[in-house]
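Produce the entire structure from the sequences given, and follow the hints as far as they go.
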Amino acid sequence: MRVSVLLRTIGAVTLAVLAACGKPPVTKPLWMLPPGCEILLGPAEAADSITVALLDAVEPEHAPRARNASEQLLFHHLYETLIIVNCLDKVQPGLAESWRREERGRCWTFELREDARFWDGTPVTAHDVARSWERAADESMTLNAGIDSYSAAGIDSLAVGGDRVLNVYFKHMHRKVPRALSASAFAVAKPSWASRWPLGSGPYRIVTSERRFAGIAKRTITVHPAYGAERPVVRFLETSMYDARDLLEGGIDVMITTDPAVIEYATSRPQFTTVPLPWDRAYVLLSTSRVEKLRWGGKLGTISPDLSERLARDAVRGDARGYRPPSWWDDLHNECYELSAAVSDFPPVPEGPYSLSDLRRILYDSNDPIARDLAERIVALAATDPTVSPEARAIAFAVPGLGSDAPGVIAEGVTEGELLSSLLNGSDFAYIISIPRRPPDPCAEARKLISSAQWLANLGDDFSKALIPLVDTRLHVIAASGKIGLIADWYGNILLVNVMPQGR
Amino acid sequence: MTFRTRLLVTFLLAVLLPLIALALFVRDEMTDRLTAQYERRVESLVAVIEEDLAQESEAISTSLAVIRKAVVDDNRFRRAAVDRAQEERRYLLDYAGNAMQLTGLSMLQIQDEAGRIISSGHFRNEYDRMEPELPTLLASTPEGIALVQARAPDAPFLALARADSFQMGNKRFTIVAGLRVERRFLARLAREAELTVALVYPGGMLTSGMDRSESGDDVQPGVETLRDAAPASAIARELSVPFIDSKRGELALAQFRVTHRLTELEALRGSIDRWFLVAVAAAGILAVMLVGWLASRISRPLVELADKTSRIDLDRLDIDFETRRKDEIGSLSRLLGAMTERLRASAVRIKDAERRATLGELARQVNHDIKNGLTPIRNVFRHLIELARSNPKQLPDVFEERQSTLDSSISYLEDLASNYARLYPRSENRPCDVNDVVQRVATDLRGSSQVDLLMNLSNKAVVLGDPVSLRRVLENLVNNAIDSLESRPGNVAISTELVAGEADRPRVRITVADTGIGMSADQQAKVFDDFYTTKDNGSGLGLSIVRRLVMDLDGSIHVESEEGKGSRFIIDLPGAGTA
Numbered sequence: 011m012r013v014s015v016l017l018r019t020i021g022a023v024t025l026a027v028l029a030a031c032g033k034p035p036v037t038k039p040l041w042m043l044p045p046g047c048e049i050l051l052g053p054a055e056a057a058d059s060i061t062v063a064l065l066d067a068v069e070p071e072h073a074p075r076a077r078n079a080s081e082q083l084l085f086h087h088l089y090e091t092l093i094i095v096n097c098l099d100k101v102q103p104g105l106a107e108s109w110r111r112e113e114r115g116r117c118w119t120f121e122l123r124e125d126a127r128f129w130d131g132t133p134v135t136a137h138d139v140a141r142s143w144e145r146a147a148d149e150s151m152t153l154n155a156g157i158d159s160y161s162a163a164g165i166d167s168l169a170v171g172g173d174r175v176l177n178v179y180f181k182h183m184h185r186k187v188p189r190a191l192s193a194s195a196f197a198v199a200k201p202s203w204a205s206r207w208p209l210g211s212g213p214y215r216i217v218t219s220e221r222r223f224a225g226i227a228k229r230t231i232t233v234h235p236a237y238g239a240e241r242p243v244v245r246f247l248e249t250s251m252y253d254a255r256d257l258l259e260g261g262i263d264v265m266i267t268t269d270p271a272v273i274e275y276a277t278s279r280p281q282f283t284t285v286p287l288p289w290d291r292a293y294v295l296l297s298t299s300r301v302e303k304l305r306w307g308g309k310l311g312t313i314s315p316d317l318s319e320r321l322a323r324d325a326v327r328g329d330a331r332g333y334r335p336p337s338w339w340d341d342l343h344n345e346c347y348e349l350s351a352a353v354s355d356f357p358p359v360p361e362g363p364y365s366l367s368d369l370r371r372i373l374y375d376s377n378d379p380i381a382r383d384l385a386e387r388i389v390a391l392a393a394t395d396p397t398v399s400p401e402a403r404a405i406a407f408a409v410p411g412l413g414s415d416a417p418g419v420i421a422e423g424v425t426e427g428e429l430l431s432s433l434l435n436g437s438d439f440a441y442i443i444s445i446p447r448r449p450p451d452p453c454a455e456a457r458k459l460i461s462s463a464q465w466l467a468n469l470g471d472d473f474s475k476a477l478i479p480l481v482d483t484r485l486h487v488i489a490a491s492g493k494i495g496l497i498a499d500w501y502g503n504i505l506l507v508n509v510m511p512q513g514r
Numbered sequence: 187m188t189f190r191t192r193l194l195v196t197f198l199l200a201v202l203l204p205l206i207a208l209a210l211f212v213r214d215e216m217t218d219r220l221t222a223q224y225e226r227r228v229e230s231l232v233a234v235i236e237e238d239l240a241q242e243s244e245a246i247s248t249s250l251a252v253i254r255k256a257v258v259d260d261n262r263f264r265r266a267a268v269d270r271a272q273e274e275r276r277y278l279l280d281y282a283g284n285a286m287q288l289t290g291l292s293m294l295q296i297q298d299e300a301g302r303i304i305s306s307g308h309f310r311n312e313y314d315r316m317e318p319e320l321p322t323l324l325a326s327t328p329e330g331i332a333l334v335q336a337r338a339p340d341a342p343f344l345a346l347a348r349a350d351s352f353q354m355g356n357k358r359f360t361i362v363a364g365l366r367v368e369r370r371f372l373a374r375l376a377r378e379a380e381l382t383v384a385l386v387y388p389g390g391m392l393t394s395g396m397d398r399s400e401s402g403d404d405v406q407p408g409v410e411t412l413r414d415a416a417p418a419s420a421i422a423r424e425l426s427v428p429f430i431d432s433k434r435g436e437l438a439l440a441q442f443r444v445t446h447r448l449t450e451l452e453a454l455r456g457s458i459d460r461w462f463l464v465a466v467a468a469a470g471i472l473a474v475m476l477v478g479w480l481a482s483r484i485s486r487p488l489v490e491l492a493d494k495t496s497r498i499d500l501d502r503l504d505i506d507f508e509t510r511r512k513d514e515i516g517s518l519s520r521l522l523g524a525m526t527e528r529l530r531a532s533a534v535r536i537k538d539a540e541r542r543a544t545l546g547e548l549a550r551q552v553n554h555d556i557k558n559g560l561t562p563i564r565n566v567f568r569h570l571i572e573l574a575r576s577n578p579k580q581l582p583d584v585f586e587e588r589q590s591t592l593d594s595s596i597s598y599l600e601d602l603a604s605n606y607a608r609l610y611p612r613s614e615n616r617p618c619d620v621n622d623v624v625q626r627v628a629t630d631l632r633g634s635s636q637v638d639l640l641m642n643l644s645n646k647a648v649v650l651g652d653p654v655s656l657r658r659v660l661e662n663l664v665n666n667a668i669d670s671l672e673s674r675p676g677n678v679a680i681s682t683e684l685v686a687g688e689a690d691r692p693r694v695r696i697t698v699a700d701t702g703i704g705m706s707a708d709q710q711a712k713v714f715d716d717f718y719t720t721k722d723n724g725s726g727l728g729l730s731i732v733r734r735l736v737m738d739l740d741g742s743i744h745v746e747s748e749e750g751k752g753s754r755f756i757i758d759l760p761g762a763g764t765a
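Protein chains in written order, with my numbering: chain A, 11 to 514; chain B, 187 to 765.
Just so you know, the hints here were simulated from the structure itself, not pulled from any lab data. All values derive from a computational prediction rather than experimental measurement. Even glycine gets a Cβ: it sits at the ideal position worked out from N, Cα and C. Any given hint could be a false lead.
[To be verified] Each pair of labels, with its calculated beta carbon distance range: (1) B:Arg377 / A:Ser437: 40 to 46 Å; (2) B:Asn356 / A:Asp316: 24 to 30 Å; (3) A:Asp340 / B:Met354: 41 to 47 Å; (4) A:Asp340 / B:Arg434: 43 to 49 Å; (5) B:Ala240 / A:Gly261: 50 to 56 Å; (6) B:Arg227 / A:Gly427: 49 to 55 Å; (7) A:Asp316 / B:Met354: 27 to 33 Å; (8) B:Arg434 / A:Ser278: 45 to 51 Å; (9) B:Arg226 / A:Gly427: 54 to 60 Å.
[Unchecked claim] In silico SDA-like pairs for lysine to any residue, Cα to Cα no more than 25 Å straight-line: (10) B:Lys433 / A:Ile420; (11) B:Lys433 / A:Ser399; (12) A:Lys458 / A:Asp99; (13) B:Lys433 / A:Ala393; (14) B:Lys646 / B:Leu518.
[Unchecked claim] Where chain A lies over chain B, by a calculated footprint (3+ residues, C-beta under 8 Å): (15) 271-281; (16) 302-313; (17) 336-349.
If you want it as structure tokens, here you go:
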């Protein structure tokens, strides 16, 4: 352990020195690096095969842009981005081995790795990168997914400067290399005529992808290391509606989950190691009445850290902690340009939802148990006399209209689509949503949030005051002890590696 | 009103009125019994509902006991609730939810002495909420059970709840547990489709029936929807249950109102009425048809009798009243027949008497007229006789004097004879082809009779006479011959021949023979007498007229007959000349 810490420190110092020299670092991809961000040490010898559970459905058509945690886990092994942000919040080479700022940061030029190859052996060119990003932008528009990452990152245009040189022009200047390019939305893939899976350049390549409905797996995706090594063979199993604990008994080696019962169970089993990932999501309460009051200059409070902590401890039946400021939304003024311009014509805050004569709903995603717990707690506090309960008082002060005198506040779980639809128009009283704590591009994330809830734009650049952070949450990875090593990046994406104790 | 109509009406009244009265009685009796049975059934169902409610209450009580025992034995709970160990806090918060699911309850909350909720199963995150009045009010209800309004994240709900308590350390805790009262709960109580269980409580009403919203959602408490039972239902029973109004913190009263739909009973009654009407209508129609047939059957013979009777006339007494009926109508018919027979005989006697009277009158008149004519002649002859005795020499002179008187009287008598002869239609005597007449008669009679008519006609047989009279003679004789057969197989033969006559003047012989019943000698002797007949309906004038007509034709007629073998009527007429 001490060796790894030392090595990590040395690596960080080295990177810092190189960065200070102004030249972009030329380093190998993360997974080729000496151990630095491993969250789980690997075995002395690589295992022959590893089985990873995917608890959500994965679709080849979504690759390389993940839409859920399982796709994120899988695609992270198959597809690369130009740059990587490691666990120390440092940018490292990915597909691009180097990059430089030009035109005072309006343009960033990336030079791709010479040895970057797709699975079919063809080199990854700048054209491939450009086309991949353009396809992503088209898909976002087709799916009507709101503002797409492409424009959210502020990319203006792309120019191919050579086989391995890509010029990325931004609408605004970036002093540092834009971290948005490390998001999976900017992973590079090339369509394949032979498979539904697009070709990637990641450390693993798909060998087979079978769909069947027998046993625990609906789909089995077998991947092999893409470079050199033959082991381990990794099987990603898209599992049916099985209890995750049964999956652990059924031979699963790696699983990512938030289920406290599963985590507790795995913790009690010596053959598994449970590792918490970074606190990557924050649950916030959005309320139309709060925005309306703030818009007119009203003074409203927020919940105290103590209350937040009690919420995390008591209300949430999962791994949560009280919200810890600061967050990316606390200080965006200097970084984000034209926040409000994200919504050119934003609507006023609708009045109906928080009318005291109507039944008011606090909406949440019905598939999100943490959001449900928080919503129910808010409802309980709303019905509690604030004169006897400090928690009720704090909530009532933070959200106008949420008090024991008001009739009918209920919590209602809805589908994701219904939630997004209501959120867009502000047609309900309040919402419990989760937002990333470490978005690759906070400005893009802010624009995305405002586009999702256009009435937030009534507060302009101070839209973040509408957010009432409640708790932070994180994922846990459960892995078979001593069978595989795991590396995590800044965003909590894990990678299976054969990490030797000596850092080979 | 005709006899038939009177009969019809009387029969209908005699049949339908009792029938309707009986049917009404039966229908009322059936309806009353059905209603009574239905009500007994409803009563028994209501008793079952009461029992079910008691069982539900008992189930809650049992679950409470189980939870109480489990929680008292639970060290982790003790550490969390009594020792306030933070590491067990989540266990405490989740405890009521787990216990609620295991025991099948819908509501479960555990409160401390101050009334603070330390664990809630139906609303996990309402911990720390104060509700001290709930267990207090529950404990104050007569049977320790009441309806409460339980909060939930999505919507509050009604629950039938009980409370229990336990001691842990030096602290007292209360457990409030209950079962959700919603449409399904009430529907389970109702069991039968015709029963509806409604829960009426301050601020709202739930029902097991389908008269809620289309989605079947329960009414939210607070919505004023209290109303009476639907018009098509009757309240069978109301079971009161305490209701805890948590907003006001006081006890009220709610009611489980059991209603039973009258629609089915009404439908049953309606069905009985319909079938009753159908049965009565069918019976009525049948009765009408039967009565109509009977009336017709009874009245038709009377109508026929009446019709026959109406046709009776002195000139028409051949109406047949023969019948095989043995009933009163048969008797009446036979009586009428006998009466007609007597009338016929009377008519014959009357005709005979009239004829005799007429003849007598004629005879008197003739006698009188002849006397008148003969008297002068007699006087003259008496004068002449006396003169011949006394003074024969004056005879020629006196005869010459009295000759005019004789001539006058004789002329008077001649005129008289002429006048009397005019009374009898003068036949037209002319040459008449007998064969022709025979063939015409045969032709006419063949069309109206099934008897074989045989003809054996000679060469031209011509007589001098009236063809009409000759035809009348032949028609009479042939009809009599046919009648003598009495519908038995046989034949009638008509023959003509020329036979020698006086002064070398041939005569035409017409023979009408039959194979009928024949006549006895006595009958043969009287057969040509006036008013003599062997037929029931005969006038007895047929053969006498035949004889007279034959005599008018200067002919003769005689009969030869043998009983059982047949008769022969032989007519001889002077021929008009031979061909």
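Evaluation of the provided hints:
1. For the pair B:Arg377 and A:Ser437, the beta carbons lie near 43 Å from each other, so the given range of 40 to 46 Å is met.
2. Here the CB-CB span from B:Asn356 to A:Asp316 is close to 29 Å, well matched to the stated 24 to 30 Å.
3. Range check, A:Asp340 to B:Met354: Cβ separation about 46 Å, and the 41 to 47 Å hint holds.
4. Separation of A:Asp340 from B:Arg434 is about 46 Å and conforms to the stated range, judged on CB atoms against 43 to 49 Å.
5. In this structure the supplied range 50 to 56 Å holds for B:Ala240 paired with A:Gly261, their Cβ-Cβ distance being about 53 Å.
6. Range check, B:Arg227 to A:Gly427: Cβ separation about 52 Å, and the 49 to 55 Å hint holds.
7. Range check, A:Asp316 to B:Met354: Cβ separation about 28 Å, and the 27 to 33 Å hint holds.
8. Separation of B:Arg434 from A:Ser278 is about 49 Å and conforms to the stated range, judged on CB atoms against 45 to 51 Å.
9. A C-beta distance of roughly 57 Å is found between B:Arg226 and A:Gly427, which places it inside the suggested range of 54 to 60 Å.
10. A distance of roughly 17 Å separates the Cα atoms of B:Lys433 and A:Ile420; the hinted pair therefore holds under the 25 Å criterion.
11. For the hint linking B:Lys433 to A:Ser399, the alpha-carbon distance of about 18 Å falls within 25 Å, and the restraint holds.
12. Only pairs whose Cα atoms come within 25 Å are accepted, and A:Lys458 paired with A:Asp99 is accepted, the gap being roughly 22 Å.
13. A threshold of 25 Å between alpha carbons decides the hint, and for B:Lys433 with A:Ala393 the separation of about 11 Å falls inside it, so the pair holds.
14. Of the pairs offered as hints, the one joining B:Lys646 and B:Leu518 is violated, with about 56 Å between alpha carbons and a cut-off of 25 Å exceeded.
15. Using a Cβ-Cβ cut-off of 8 Å, 5 residues of the segment 271-281 of chain B lie near chain A, which meets the minimum of three, so the contact claim holds.
16. Coverage of a stretch by a chain is defined here by at least three residues with a beta carbon nearer than 8 Å to that chain's beta carbons; for the segment 302-313 of chain B and chain A the count is 5, and the condition holds.
17. Restraint check on the segment 336-349 of chain B versus chain A: 4 residues with Cβ-Cβ distances below 8 Å, three needed, restraint holds.
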